Amino acid sequence: MSVTRDDVLRIARLAELEVDEEGLPALVDQMSRILEYVAQLSAVPASEGTKPFLPPGPDAIRFRPDEVRPWPLAAGPETIAPAFKEGFFVVPKLEQFEE
Amino acid sequence: MPPAQAWETIIGLETHVQLRTVSKMFCGCSAAFGAAPNTHVCPVCLGLPGALPVPNGEALKLAVRAALALECTVHAKSVFARKNYFYPDLPKGYQISQYEQPLATNGSLSFLAPERGLVTATIVRLHVEEDAGKSLHDRFPKATAVDLNRAGVPLIEIVTGPDFRSPQEARAYLQTLKQVLEYIGISDCDMEKGSLRVDANVSVRRAGESALGTKTEVKNINSFAYVEKALGVERDRQIAVLEAGGSLEQQTMLYDAKDNAVRPQRSKEESHDYRYFPEPDLPPLVLTDEFVAEQQSLLPELPGKKRDRFVAQYGLSREHAAVLTASRAVADYYESVVHAGADQQTAANWVMTEVLADAKDHQEQLRVSAPALSQLIALVKGGTLSHQAAKRVFVEVAARGGDPRTVAESLGVIQVADSGVVAGWVSDVLAAHPQEVARYRNGEVKLLQFFVGQVMKASRGKADPKLAQKVLEEKLAA
Amino acid sequence: MSEAKAAADRLVKAKRLNALLTPPKELRKSLAAQAAAARPTGVLYGMPVAVKDNICTLEFTTTCGSKILEGYRSPYEATVITKLKAAGALIAGKTNCDEFAMGSSTEHSAYGRALHPLDKARVPGGSSGGSAALVAAGAVPAALGSETGGSVRQPASFCGVVGIKPTYGRVSRYGLVAFGSSLDQIGVFGRSVHDAARVLSVISGRDPRDATCEDRDPLRLPTVPESLQGFVIGLPREYFPADLDPAVRRACDRAVRLMKELGAAVREVSLPHTAYAVPTYYVIAPAEASSNLARYDGVRYGPRFNGAGDIRALYRATRGAGFGPEVRRRILVGTYVLSAGYYDAYYGRAQQMRALVAQDFRNAFDRGVDLLFTPTTPTPAFKAGEKVNDPVAMYLSDIFTVTANLAGLPALSLPIGRVKGLPIGGQFIGQAFLEDEMLEAAYALERAVPATEEA
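Residue numbers (the working numbering), protein chains in the order written: chain E, 1 to 99; chain B, 100 to 577; chain L, 578 to 1032.
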């Protein structure tokens, strides 16, 4: 099942990934080949009655008690943030909130 | 404003309610409101590489209680799912929520609609999820400030069907929902603090049509009053467009309280594709029958039932019962006053007037204890205090505490019920007003109240007016 | 102290492999400080353990082989690191890997490819190529890696060392940078089964910070068995296709013969859905990855690649420049297979197939087989550049390893011979949480097999 240029651009928008014009044709080709490869799964008839897969490990959630006991942070967010001011992370304004 | 009669309005509501836990949904950070920004954070709620969610058991208990109070079917097995989208206050780039297998479905909530009477809203689903952080767009120029304290706080999302036919109905449902959730104690339900948030779906259709019109989503509604306003504004907008022959786009509208208007959420993006899939970092959520039964047993009597019981048990009118059961704290208070010995109707009157008025000015505190109020009512009944005096004592006890009798004595308002002393005042008054005495004895019996008033004046309000009246009648008859 | 210096020296000597991402100066300083603080009573006291750079440490940076985390210093450490330190081990630097563990050659690292210890024109395998190369070169006795589709076993096979992937849920993932959450597990490299197993034992066990980690005591190590009497080893026919490299087949045949001589019963079995395992994996892993990598947006950590404009411009510029081509491809494929209209056909179908793959294993084990034995990789290490531009060809090198990840089963690769001088591995696949049986068989085979001899 191959993808079109428009498909790739739409998916790139959803994934917030910049795709440059130059690389686009190769990317479309590679993605088509990958998706064609995995599409062989659709050829297998859907099997009813297969129990959904559960990995080994706990088969149900074990809850944490409701206490204020955060997992340790050796340093505050300001030490890793690319932009931090007056206690806040700072990012460029979302377009719709611009005046 | 275009007339709404030719048009039917269809509204559905999605309510997000913060659960009253001390820690967050998937990590042990504090869930408390109001801390300095980005101080209630850890690797998990910061969305750091390698962090993993671990669910809060208390949140599930509260969520199940809410589902039961809303008459939902609670599913023994449900699944957390990722809702994927990008936003600066969504640290992981996805929200852990529930999608195909939610915690509860198929509930209902009845409420009193202003025009249609008793309406039953369907609760299509109730599920558990985590809150996002907060984005502040006005703090820095050309930038958005992000605070992740709120990221990860537990929420339940309650979705109704398209059950409401007017903005007023929507508001009435919300007030009833808030009341129920406050009753069961699972949330503060405070729209100002953001522990209760509402998004609405609105569409219109010509009266008589059966198909639903194009719906829009209305967001950014921050109070119950704005719910009514915002929905009204959007309804009117839709009707205006359709009446002019135009067509409506399915879009998200943001309410602006400053100018009471709705505007489309300006976005070049197409509508969200959230790409839900089951959360691989969490096993399925499995609830035992015992767990659910325990939550059921922890539910208090719900407002509707309590109201009906008050009518039956205390002989109150529906309206009075409704006022007394509006909040669980007040209802419990009323019952304590009655169980301490006060007469049911008198207690009701006191609670509905003095108690609620005082509470309104003092952050809803019930400052006079139930036993104290009961004592106060008994003092009036026994003639020791006049009603007016009792109100003064109430104010004093509310502000400074103390027991009513002692406070009454210190205020000097204990009524004199000693007939000898009262007789003295009566004599003085009669002596001072011979003409009125003559007129009374000639048949102007309504002058009795005048004499009572004079006795009260002479006694500086201390005389028991009923006793005074009795003595006056005796003396005047003589 | 001198041990710390010796450990640092050995690692620095192996510099040419480009397997270690930690600068030598920082490495030396940290090792000296750690040695001074290490618990002398710990079972791994003084043991330097190198750590794949997708596992969070307080020492050193954690880049996951990517530009988007260049210079990132994690403010917390993974549970496995805490356990290693509590056992007295030294964290001996961060190792090179394919970006975000996506790859089978370590050619997709943003910090240059790692070299095969015996042939610099070849790849050490991936994604945990750096860790495998360092252990093979004798620079460290053990190293941590991670597996999503075989990223410990495959490089172990290529480099001629032991690589163990535990049962899913055996080792905490808290602090392992997520790629495919339902597949990821931290694994161990060692020069011998015993070295690798000792480290695995220390890092295993319950962790309240990982809801998918089983509430179990740490793995208890078995003793080396006298023979393999009583073991039933299954050989799945789908892993020995007609076109399997003859040299690889010879090496496996020799290993099987040795196991029989040790008393094991050997039986042919079938895992009929094997052919669908790779496409299944390449739907599920990218899907989960597309979601797991959404957090890399330049907002809270990592560098910002400033797009002029609003927040979406920031996202796109940062992610576009910060992620390499293989990661971008997988994010796009993953986003696609989860998107509206495609979910059922791709992701939904892949999950069904996954259940069938897992069922195949259960059926084999239910029929009395204790362990399965297969080649780890279809070939020895390939040349750098050979597959890097052909994603599907690269994916096919995972053909024998992905099934254990899909089923969540433990697996172990050990060197069983040489093919034209290059190492080749054989793998055991065991039953869930029965690593001890797998280790017993591995101990026995390791003793018997002439791992450095041509097959």
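No wet-lab data here; the hints were simulated from the structure.
As the structure is a computational prediction, the values presented were derived from the model and not from experiment.
Please note that a few of the clues may not be correct.
[To be verified] Computed list of lysine-lysine pairs in DSS-like fashion (alpha-carbon distance at most 25 angstroms, straight line): (1) B:K176 - B:K233; (2) L:K964 - L:K837; (3) L:K997 - L:K964; (4) B:K233 - B:K182; (5) B:K277 - B:K480; (6) B:K490 - B:K574; (7) L:K592 - L:K837; (8) E:K85 - B:K277; (9) B:K241 - E:K85; (10) B:K292 - B:K314; (11) E:K51 - B:K241; (12) E:K85 - B:K404.
[Stated by the list, open to error] To give a feel for the contact side, a few chain E residues facing chain L, derived at Cβ under 10 angstroms: (13) V19; (14) T50; (15) P58; (16) V68; (17) G76; (18) F89.
Don't be surprised by glycine CBs; every beta carbon is placed ideally from N, CA and C.
Verification of the supplied hints:
1. B:K176 - B:K233: Violated, because 32 angstroms separates the two Cα atoms, which is more than 25 angstroms.
2. L:K964 - L:K837: Violated: L:K964 and L:K837 sit about 37 angstroms apart, past 25 angstroms.
3. L:K997 - L:K964: holds, 20 angstroms
4. B:K233 - B:K182: holds, 18 angstroms
5. B:K277 - B:K480: violated, 37 angstroms
6. B:K490 - B:K574: violated, 31 angstroms
7. L:K592 - L:K837: violated, 42 angstroms
8. E:K85 - B:K277: It is violated: about 37 angstroms lies between the C-alpha atoms, which goes past 25 angstroms.
9. B:K241 - E:K85: holds, 14 angstroms
10. B:K292 - B:K314: violated, 28 angstroms
11. E:K51 - B:K241: Given that 25 angstroms is the threshold and the Cα spacing comes to 52 angstroms, the pair is violated.
12. E:K85 - B:K404: violated, 52 angstroms
13. V19: holds, 7 angstroms
14. T50: At 5 angstroms from the nearest chain L Cβ, E:T50 passes the 10 angstroms test, so the hint holds.
15. P58: For E:P58, the interface hint holds, since the closest Cβ of chain L sits about 6 angstroms away, which is under 10 angstroms.
16. V68: violated, 15 angstroms
17. G76: holds, 8 angstroms
18. F89: holds, 6 angstroms
In summary, the structure is inconsistent with hints 1, 2, 5, 6, 7, 8, 10, 11, 12 and 16 from the numbered list given earlier, while agreeing with the others.
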